[in-house]
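One letter stands for each residue in the lines below.
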Amino acid sequence: MKLKDLAKNLGLDCQSEIEITGLNTLKDAKKNNLSFFENKKYLDELKHTKAAAVLVHEEFSSFVPKGVLALVDNEPYLKLAIASKFFAPKHIEDEGEEPQIGDKTKIMPNAYVGKNTKIGNNCILMSGVFIGDNVSIGDSCVMYPNSVIYRDCVLGNSCIIQAGAVIGSDGFGFAHTKEGKHIKIYQNGNVILENDIEIGANTTVDRAAFGSTLIKSGTKIDNLVQIGHNCVLDENVIITGQVGIAGSTTLGRNIVIGGQSGIAGHLKVAAFTTIAARSGLTKSVTKSGQTYAGFPARLRKEWLKTLAKISRL
Amino acid sequence: MKLKDLAKNLGLDCQSEIEITGLNTLKDAKKNNLSFFENKKYLDELKHTKAAAVLVHEEFSSFVPKGVLALVDNEPYLKLAIASKFFAPKHIEDEGEEPQIGDKTKIMPNAYVGKNTKIGNNCILMSGVFIGDNVSIGDSCVMYPNSVIYRDCVLGNSCIIQAGAVIGSDGFGFAHTKEGKHIKIYQNGNVILENDIEIGANTTVDRAAFGSTLIKSGTKIDNLVQIGHNCVLDENVIITGQVGIAGSTTLGRNIVIGGQSGIAGHLKVAAFTTIAARSGLTKSVTKSGQTYAGFPARLRKEWLKTLAKISRL
Amino acid sequence: MKLKDLAKNLGLDCQSEIEITGLNTLKDAKKNNLSFFENKKYLDELKHTKAAAVLVHEEFSSFVPKGVLALVDNEPYLKLAIASKFFAPKHIEDEGEEPQIGDKTKIMPNAYVGKNTKIGNNCILMSGVFIGDNVSIGDSCVMYPNSVIYRDCVLGNSCIIQAGAVIGSDGFGFAHTKEGKHIKIYQNGNVILENDIEIGANTTVDRAAFGSTLIKSGTKIDNLVQIGHNCVLDENVIITGQVGIAGSTTLGRNIVIGGQSGIAGHLKVAAFTTIAARSGLTKSVTKSGQTYAGFPARLRKEWLKTLAKISRL
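Residue numbers (the numbering used here), protein chains in the order written: chain A, 1 to 313; chain B, 314 to 626; chain C, 627 to 939.
Chain A on its own, in the form it takes in the complex (with noise of 0.2 Å):
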């Protein structure tokens, strides 16, 4: 879509001939892509944004680098929202290739596997599985009954999705009008599962608004988990039971999280962290290898020290 024609749905004056593939974020945005900038944590990331244009508030136009289009408006979120829906894809595919499945690959009654899709050796898709259009699956995959993989997301090797979880269901985004409504903000990414990795019954993982929700090699994950939409999660960490991560959270290596905890949204946590069960992060960890407990979560041994302070009340 043209630049010039995108502008035009959006109720913005752009003449630009350039033609727009996508949305990004500041940072991922190719010369082709259309980015955004709302909040101010990612000033430095407008600076050296290498996005074809960004929809920017008039305060900050001056911060847009030379050669890239500021498109100018009060409300460039809630514009991003609208520009979104003209780049998703179909919900269903109309045509495409057959799928390619593997060899010994099993595939039970009342499974669905879209177009264009591949499924690897080996693998087993039990009943009520359904994998949407353009997606690849690696070998030795076992999905579970009534498992969803959404369309475009990737699996590797040997990764156990175990009954009822949803992979690349769409993030939660939406900007919000002044009269109070929510626009949707189409979630165009997808998710990427690497190898041997398990994911819990009933467990959903959010596809990207953007890119891609990222989930690294070794990562086993409980039932009933909620990964936000962006989230990276790096090798081997554990998340049990009921825990929730917002989305475009970065979590290292070998981090454990116990269960019912929560993380919030765009935090980073360092390798080899332990969150105690039911505890509440709301700020990055930057040393690795330390526990944290409570809410608002702290080191487990002050968390510790305060109950016990409380309890001498």
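Every clue listed holds true.
Only some residues are given here: those of chain C computed to face chain A with a beta carbon under 10 Å: (1) I718; (2) V774; (3) S795; (4) F800; (5) V851; (6) A872; (7) G888; (8) A890; (9) P922; (10) I936.
Here are a few chain B residues that sit away from chain C, every Cβ distance over 10 Å (derived from the structure): (11) F376; (12) V385; (13) F400; (14) P412; (15) K431; (16) N435; (17) S453; (18) V455; (19) G524; (20) L527; (21) S561; (22) A583; (23) K596; (24) T604; (25) R613.
Quick list of in silico lysine-lysine cross-link-like pairs, BS3-like style, CA-CA up to 27 Å: (26) C:K810 <-> A:K104; (27) C:K842 <-> B:K491; (28) B:K533 <-> A:K85; (29) B:K428 <-> C:K732; (30) B:K353 <-> C:K927; (31) C:K732 <-> B:K403; (32) B:K614 <-> B:K596; (33) A:K305 <-> C:K927; (34) C:K931 <-> A:K305; (35) A:K104 <-> C:K716; (36) C:K730 <-> B:K428; (37) A:K85 <-> A:K27; (38) B:K622 <-> C:K935; (39) A:K85 <-> B:K529; (40) C:K730 <-> B:K497.
These are calculated hints, taken from the structure and not from any lab test.
These figures come from a predicted structure and were not determined experimentally.
Ideal Cβ positions, reconstructed from N, Cα and C, are used throughout, including at glycine.
With chain A's structure known, arrange chains B and C on it following the hints.
Just chains B and C now, kept in the frame of chain A:
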């Protein structure tokens, strides 16, 4: 069913020939309904009920208004539970009309649509979707794989139901015998979703015991959320991941609820309230536009003060 | 499998010709089982085990009783994980008998019933239901759409399984290598639900590592609850929405657990205990009939006192 026959089934003595068509709350009961009084909080509603008859403990039978029959019993709630089974609809209708499917609505393989059900135009029902009997769905709805709509529910236009979400499952209601057994209160109501609603992956919205669980237009709900029976959510509410709302709670418009929070049952929360993540709201909120946090939840500024004091101990 | 062959696969030296038929805990192991000792809490059980052989660290090998072989290793739990794979049943049986379906049991389209499975009379299996191989289900059970029963599980009579619930998914068990990898402990047990049990929508009940996760008659579980592997729930327990119970915990009869609470693993909770909503129980409860609240949970009256003191700071 004649009231005299129903009474006989409950071990009660009543000779009334009135035809009872269903059960309902004191407030909503119509002239052919049986109601019950159990919680003193609703004494005023007892005094003004328009039910045909009320199951009531002897102590309160004098408050039953003229023209309404008092069915006196020591365990009115238990009798209600027993009565509820007589009004439960069939799990599956044996007979009924073939579903009516609108123009350009796509139904993928392995989806099921029940009897007497109507689906509008331009909808997509992906594989494994279940739509029960006597359901009504508007135009332009998207049902992702393996999502489930139980019988008798109603969806408006432009609703998005992510994978594995369940709309209309039984509310959690039981009466208890002296011996400690739990007798199911059949959940004979439904769920109504108005327009432009999104329901997250593996989220559950329970059907009402009587009447409807109601979610109004523009409300957006994230993954793994639980909405209890008989809740009413006004327009444009935002509920993020893993929140739980217990039964019969009413939320005003444009409320925002952070992740993993809980709201107790039978509360009323004023419009434009914000509930911070991991809060537990135990009391109604009457003033709109405030932010609550912590557990038990209080005004966020007070909660922050308390946290500061605790850290200074 | 002969013990000498199993030992060879684990890199251990043992020439015993005993036929090992499975793995089990020290307490429950029979004369053809291999067991393991990892947690000092179970030293007494080590001394009295009836296993054929025990994987044990050298430090504790002297406690292995006479007539039981000690398989000495620095990482007994890791060796157990490796051994578990040899006893894992197939995901799907290649051969077996057609399922036996009782009188007046209705099976809707797109439901799947596995080999060697028996289903009693007057049951309803709605669309998308999956019943694995070698399952036994009694009479008058209702399986709502897309609910899943993994292989080898047992349900009694009059159970209600709401939509999307998963019974028998793998428990979350891993041994850890020095390099930080997680090795799956195959979950070779099952789940047993006795009679008159209700399981809420999208709730998950994990199968045991060895033996059974057991839920006794009359227990009622709400939506989005997680029951860990090897838990035992006695009769008439009430568990409301989004509760999580970690593995190997035992609950006495008629316990009531409020919404969003959590119970740590390996605890015993006395009958008639009440756990208030959003509590986190971290210790066993030996006296019955008390109410606990808060996190870490203590007697509710003490928790209320503490809250009062904090508010007076």
